[in-house]
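Asker: Each chain, written out:
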Amino acid sequence: MHSISRAFFFSLGTILFLVLGLFWIGLALDFSALENFIINLCYSRFIGYTIPQVLGAESSHTVVEQVFRLKIICTLVVALYGSLMLIISNVKVRKTKLLILYYSIVIPLLFALSYVWIKLIDDDHILLRSHKVELSQFTILTLVISVTLILLSLKKEKSKLSESVKKIPTADDLKIDLENSSLDLETSSVEAEKSASSIVESEGAEEPNSDTPKAVEKEKTEIEVESPQPDALPEAKEDSGNSPVIDTKDDDLPPPALDELPSELEELRDESKTDKKSDVSSESFESPQPDALPEAKEDTGNSPVIDTKDDDLPPPALDELPSELEELRDESKTDKKSDVSSESFESPQPDALPEAKEDTGNSPVIDTKDDDLPPPALDELPSELEELRDESKTDKKSDVSSESSELEMKESDQ
Amino acid sequence: MRIVFGIASAIIIIFAFFLFEGICFRMVEKYALFRLESSWGEKNSVDLNKYLKLLPLNHFQKAPSDSSEVEFSMFRAIEEDEYASKIMGFGRPLRDQFSDYIEQEDPNRKSFAIKDVKHIRGLMLPGLKRFPTDEEVAKGWAGRQRDRIEYAKALFVDLKSPFPKPISDTAANYQQRHHDYFLERGLACLSLPVRSKDVLVNDLKLLKKSFPAVAGKVICRAYGPEAEILLETCANYPFLINMLIVHSPTGFIDSPKVESPPWILCSVEKEQLQDYVLIDGLLDWVSASRDVKFIYPSKIGGLMRIRNRYTSKNIDTFHVPLIMQCVNFYESLDTDKARSFALKESIDIQSKKNVPVIARANSGKSSSMVTDSVRINSLQAELSSLQTTDSSLAYDCMTVREYRQMHEDDPSVARAKNKDLILKIGSNFEQEGIGVLQEAKEYDPLFFHFYQSLKRIEVQSN
Numbered sequence: 001m002h003s004i005s006r007a008f009f010f011s012l013g014t015i016l017f018l019v020l021g022l023f024w025i026g027l028a029l030d031f032s033a034l035e036n037f038i039i040n041l042c043y044s045r046f047i048g049y050t051i052p053q054v055l056g057a058e059s060s061h062t063v064v065e066q067v068f069r070l071k072i073i074c075t076l077v078v079a080l081y082g083s084l085m086l087i088i089s090n091v092k093v094r095k096t097k098l099l100i101l102y103y104s105i106v107i108p109l110l111f112a113l114s115y116v117w118i119k120l121i122d123d124d125h126i127l128l129r130s131h132k133v134e135l136s137q138f139t140i141l142t143l144v145i146s147v148t149l150i151l152l153s154l155k156k157e158k159s160k161l162s163e164s165v166k167k168i169p170t171a172d173d174l175k176i177d178l179e180n181s182s183l184d185l186e187t188s189s190v191e192a193e194k195s196a197s198s199i200v201e202s203e204g205a206e207e208p209n210s211d212t213p214k215a216v217e218k219e220k221t222e223i224e225v226e227s228p229q230p231d232a233l234p235e236a237k238e239d240s241g242n243s244p245v246i247d248t249k250d251d252d253l254p255p256p257a258l259d260e261l262p263s264e265l266e267e268l269r270d271e272s273k274t275d276k277k278s279d280v281s282s283e284s285f286e287s288p289q290p291d292a293l294p295e296a297k298e299d300t301g302n303s304p305v306i307d308t309k310d311d312d313l314p315p316p317a318l319d320e321l322p323s324e325l326e327e328l329r330d331e332s333k334t335d336k337k338s339d340v341s342s343e344s345f346e347s348p349q350p351d352a353l354p355e356a357k358e359d360t361g362n363s364p365v366i367d368t369k370d371d372d373l374p375p376p377a378l379d380e381l382p383s384e385l386e387e388l389r390d391e392s393k394t395d396k397k398s399d400v401s402s403e404s405s406e407l408e409m410k411e412s413d414q
Numbered sequence: 415m416r417i418v419f420g421i422a423s424a425i426i427i428i429f430a431f432f433l434f435e436g437i438c439f440r441m442v443e444k445y446a447l448f449r450l451e452s453s454w455g456e457k458n459s460v461d462l463n464k465y466l467k468l469l470p471l472n473h474f475q476k477a478p479s480d481s482s483e484v485e486f487s488m489f490r491a492i493e494e495d496e497y498a499s500k501i502m503g504f505g506r507p508l509r510d511q512f513s514d515y516i517e518q519e520d521p522n523r524k525s526f527a528i529k530d531v532k533h534i535r536g537l538m539l540p541g542l543k544r545f546p547t548d549e550e551v552a553k554g555w556a557g558r559q560r561d562r563i564e565y566a567k568a569l570f571v572d573l574k575s576p577f578p579k580p581i582s583d584t585a586a587n588y589q590q591r592h593h594d595y596f597l598e599r600g601l602a603c604l605s606l607p608v609r610s611k612d613v614l615v616n617d618l619k620l621l622k623k624s625f626p627a628v629a630g631k632v633i634c635r636a637y638g639p640e641a642e643i644l645l646e647t648c649a650n651y652p653f654l655i656n657m658l659i660v661h662s663p664t665g666f667i668d669s670p671k672v673e674s675p676p677w678i679l680c681s682v683e684k685e686q687l688q689d690y691v692l693i694d695g696l697l698d699w700v701s702a703s704r705d706v707k708f709i710y711p712s713k714i715g716g717l718m719r720i721r722n723r724y725t726s727k728n729i730d731t732f733h734v735p736l737i738m739q740c741v742n743f744y745e746s747l748d749t750d751k752a753r754s755f756a757l758k759e760s761i762d763i764q765s766k767k768n769v770p771v772i773a774r775a776n777s778g779k780s781s782s783m784v785t786d787s788v789r790i791n792s793l794q795a796e797l798s799s800l801q802t803t804d805s806s807l808a809y810d811c812m813t814v815r816e817y818r819q820m821h822e823d824d825p826s827v828a829r830a831k832n833k834d835l836i837l838k839i840g841s842n843f844e845q846e847g848i849g850v851l852q853e854a855k856e857y858d859p860l861f862f863h864f865y866q867s868l869k870r871i872e873v874q875s876n
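Read top to bottom, the protein sequences are chains A and B. Every letter in the first sequence is one number past the one before it in this note's numbering, and letter 156, counting from 1, is 156. Every letter in the second sequence is one number past the one before it in this note's numbering, and letter 328, counting from 1, is 742.
Everything labelled a hint here was simulated from the structure, so no lab data went into it. Check before you lean on any hint, since a few could be wrong.
[Said to hold, decoys possible] Lysine-lysine pairs mimicking PhoX-like chemistry, simulated, CA-CA at most 20 Å apart: (1) B:Lys855 x A:Lys132; (2) B:Lys476 x B:Lys707; (3) B:Lys553 x A:Lys132; (4) B:Lys529 x B:Lys623; (5) B:Lys855 x B:Lys838; (6) B:Lys464 x B:Lys532; (7) B:Lys476 x B:Lys444; (8) B:Lys574 x B:Lys532; (9) B:Lys727 x B:Lys671; (10) B:Lys727 x A:Lys119; (11) A:Lys119 x B:Lys500; (12) B:Lys869 x B:Lys855.
[To be verified] If the Cβ cut is set under 10 Å, some of the chain B residues that face chain A in the computed set are: (13) Ala430; (14) Phe431; (15) Ile437; (16) Asn472; (17) Ser499; (18) Lys727.
Cβ coordinates follow ideal geometry from the N, Cα and C atoms, glycine included.
Using the sequences plus the hints, can you model the full thing?
Answerer: Have a look at this one:
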């Protein structure tokens with residue numbers, strides 16, 4: 001479109017200049033038709049004046065003078081409009097292009113109208129009825145064209161806004177986005193976990209890394225909270241008139257109630273829960289506490305974004321630990337008794353457990369970034385822990401693959 | 415940026431307002447007349463509107479005769495032309511209307527009464543009738559007050575050559591439509607062939623006597639040689655004519671130096687500008703007609719236009735609004751009896767120095783001193799006064815008045831009638847020589863006319 005308009009205006013400007021050249025060449029070569037045209041123009045009348053008189057010639061001027069005046073004025077007008085067309089063709093902004101075009105018509109028209117009327121007011125010129133009709137037609141036509149073009153130039157462009165309004169996501173779009181984002185997060189978390197484990201392996205230290213899956217789950221909940229709820233859509237549509245981009249960080253909007261969620265989202269949420277539970281069952285030592293989940297959901301009402309970097313969170317209570325960890329703990333106790341690298345085990349200290357029990361009621365999230373204690377060396381880990389670590393790696397991989405396959409299935413269904 | 419935008423908006427709004435006002439003034443006759451009367455006041459007013467005078471309206475255009483910068487009569491004539499076109503701007507809507515009226519054919523043309531008066535034929539009356547006043551009944555205009563008399567706002571006389579050339583249908587149609595236009599507006603019309611000044615004077619007097627309610631105000635128009643006759647007539651009998659329209663006169667005579675001269679509109683061809691004597695003479699007429707205390711005649715009482723082949727058609731309509739204003743002005747003066755034919759004060763001041771010369775003139779000194787020695791204060795010479803029996807006004811002229819002033823102490827002169835004094839003074843001048851009487855004629859043509867008439871009557875009666 002842009003190139004077409006540019007080509008059009010450029011061609012028009014070029015044609016005007018060519019016409020100008022041909023005009024003067026024709027006059028120089030004494031083309032009788034052109035001469036007759038100009039002379040007839042000298043005798044043509046508009047509201048009782050001849051055309052040269054309208055353009056400022058005196059009634060006493062000879063025909064030669066009037067013809068010369070007409071030639072000069074025609075040349076100036078054609079040259080000006082030719083230049084203007086070339087300038088317009090080089091303007092890239094569509095609105096500016098139209099503005100220049102509109103005002104290049106409106107301003108000369110209004111000037112011509114004012115000039116004609118001032119001339120009539122000042123001159124001792126008699127208007128017959130036919131002249132008055134001509135004058136009124138000229139005035140009305142000029143005013144209508146001018147007003148129309150001025151209104152067009154003042155009109156705001158709404159095309160961008162309408163597109164943005166159209167881009168307000170529907171519930172299905174949100175669901176797809178949610179699934180995509182969860183997939184991305186999981187894959188990224190898996191990759192991060194892989195990289196972390198590889199780092200650990202490379203360092204030769206084997207550590208039960210329960211941070212990554214929990215972070216993935218927390219991010220899932222964050223996405224669930226942050227993603228636009230179906231109830232919030234009308235508000236988003238209203239706001240879209242001013243700001244096409246939806247503000248996802250608006251903390252003033254309360255989250256929808258659980259019963260207000262659409263069925264698709266609820267199913268998705270349930271599926272994610274079941275997946276989490278299955279993950280927890282499979283990876284019991286790294287999943288969050290089941291009792292803590294409702295609280296986490298409640299907390300999201302006030303703060304949709306959960307702070308995963310909270311370093312003050314206490315370790316989990318003893319009764320909240322999974323059975324494998326308890327067994328592992330018991331074995332470590334026995335190992336401690338036997339004084340076999342009992343201090344190298346980093347996870348929940350028996351002395352700290354009572355305090356942790358008290359704090360877990362408020363914060364179910366485990367602090368995963370406690371870097372004060374160095375990880376144990378691989379050769380220092382007991383054989384059971386090494387086995388457990390290998391099993392957890394295989395489980396995570398299988399879980400990630402199963403979840404991704406499920407999401408793909410859903411997408412294909414949608 | 416906002417200030418610039420505001421200033422630009424204000425300028426555009428003011429410009430639009432002035433443009434709109436100008437359009438209304440140009441196109442709407444009622445508004446044009448309203449603005450004129452707002453600026454100049456009533457018809458018989460003597461002061462301009464002091465507030466509107468501050469605005470750049472063309473009603474307050476300064477007359478070119480006031481400026482001493484223009485030395486050559488040709489340039490002064492051009493300035494007069496521009497002044498006339500500006501000052502008469504209020505008349506353009508009426509001229510538009512007149513042009514349309516002339517252009518269009520009216521199949522249902524209104525018929526008007528046409529009357530003949532002796533050898534004067536084709537007097538068209540507008541058909542207006544009214545009841546006469548007591549004064550009019552006393553003057554014999556009507557038999558009694560119940561009898562309605564036919565009247566007109568004015569009489570428009572088109573002076574023609576006694577040997578008329580055949581005219582085209584278009585010209586004849588134009589003349590007919592022209593008369594119809596004035597008839598519909600209450601003006602009587604007449605086409606009058608004219609041979610000489612005296613014939614014209616007699617015809618006008620006859621019309622005034624026969625149709626006093628119609629020929630109360632006379633407007634004459636003439637071309638070429640007839641225009642010269644008209645100028646001469648008006649110079650000698652300024653009270654006979656209220657307005658004269660002369661186109662390209664072949665000659666001229668000095669303008670009458672009275673306080674209330676007739677209005678004049680003269681137009682000359684562009685080629686005539688080379689005739690400096692003629693242009694100077696016409697410019698004197700124009701200036702004299704504007705030299706009046708009333709606002710309206712002081713602005714538009716004397717105007718000059720220059721014709722060329724492009725402007726001729728426009729100027730053909732120029733007289734229409736001027737005639738209307740002239741008629742309205744004299745109508746307003748009728749109530750006040752304000753038209754004065756007293757000589758102007760400028761002559762009075764000049765002649766004050768030569769008061770004693772009258773004695774020398776009467777005692778046989780050089781007759782040329784007579785015209786310079788007569789001191790005249792004022793002279794009321796309404797034509798109607800000629801028809802009254804009042805001896806103090808009949809045959810009143812400036813020579814008689816001066817003679818009375820010179821012999822204030824003589825009771826016989828105070829008791830004597832004007833006609834007796836005219837016969838006495840005239841016979842004395844004749845005794846001094848033919849040249850003395852001729853110079854008296856040039857100075858006071860009214861006195862000469864009265865003397866000739868009375869002498870003839872006296873000879874016939876004897």
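Asker: Now tell me, hint by hint, if it's right for this structure.
Answerer: Status of each hint after checking the structure:
Our distance criterion of 20 Å between C-alpha atoms is broken by lysine 855 of chain B and lysine 132 of chain A, whose separation comes to about 55 Å. In summary, the hint linking lysine 476 of chain B to lysine 707 of chain B is supported, as the alpha carbons are separated by about 15 Å, within the 20 Å threshold. The hinted pair formed by lysine 553 of chain B and lysine 132 of chain A fails the criterion: a straight-line CA distance of about 50 Å is larger than 20 Å. Restraint check for lysine 529 of chain B and lysine 623 of chain B: the C-alpha separation of about 14 Å stays at or below 20 Å, so the hint holds.
Distance restraint check for lysine 855 of chain B and lysine 838 of chain B: the Cα-Cα separation of roughly 15 Å lies within the 20 Å cut-off, and the hinted pair is therefore satisfied. Annotation: proposed proximity of lysine 464 of chain B to lysine 532 of chain B is violated, straight-line Cα distance about 52 Å (limit 20 Å). Taken as a hint, the lysine 476 of chain B and lysine 444 of chain B pair is broken in the structure, with Cα atoms around 24 Å apart against an allowance of 20 Å. Restraint check for lysine 574 of chain B and lysine 532 of chain B: satisfied, since their Cα atoms lie roughly 18 Å apart, inside the 20 Å limit.
At roughly 33 Å between alpha-carbon atoms, lysine 727 of chain B and lysine 671 of chain B are farther apart than 20 Å, so this suggested pair is violated. Only pairs whose Cα atoms come within 20 Å are accepted, and lysine 727 of chain B paired with lysine 119 of chain A is accepted, the gap being roughly 18 Å. The suggested pairing of lysine 119 of chain A with lysine 500 of chain B holds, with an alpha-carbon distance near 13 Å, which does not exceed 20 Å. At most 20 Å may separate the alpha-carbon atoms for a hinted pair to count; lysine 869 of chain B and lysine 855 of chain B meet this at roughly 15 Å.
Checking alanine 430 of chain B against chain A: minimum C-beta separation of about 9 Å stays under 10 Å; hint holds. The beta carbon of phenylalanine 431 of chain B is not positioned within 10 Å of any beta carbon in chain A (closest approach about 13 Å), and the interface hint is therefore violated. Because the smallest distance between the Cβ of isoleucine 437 of chain B and any Cβ of chain A comes to about 6 Å, under 10 Å, the interface hint for this residue holds. With 10 Å as the threshold, the beta carbon of asparagine 472 of chain B comes within range of chain A, its nearest partner Cβ sitting at about 9 Å, so the hint holds.
Using the Cβ-Cβ criterion of 10 Å, the hint placing serine 499 of chain B at the interface with chain A is satisfied: the shortest such distance is roughly 4 Å. With 10 Å as the threshold, the beta carbon of lysine 727 of chain B comes within range of chain A, its nearest partner Cβ sitting at about 8 Å, so the hint holds.
In this structure, the earlier hints numbered 1, 3, 6, 7, 9, 14 are contradicted, and the remaining ones agree with it.
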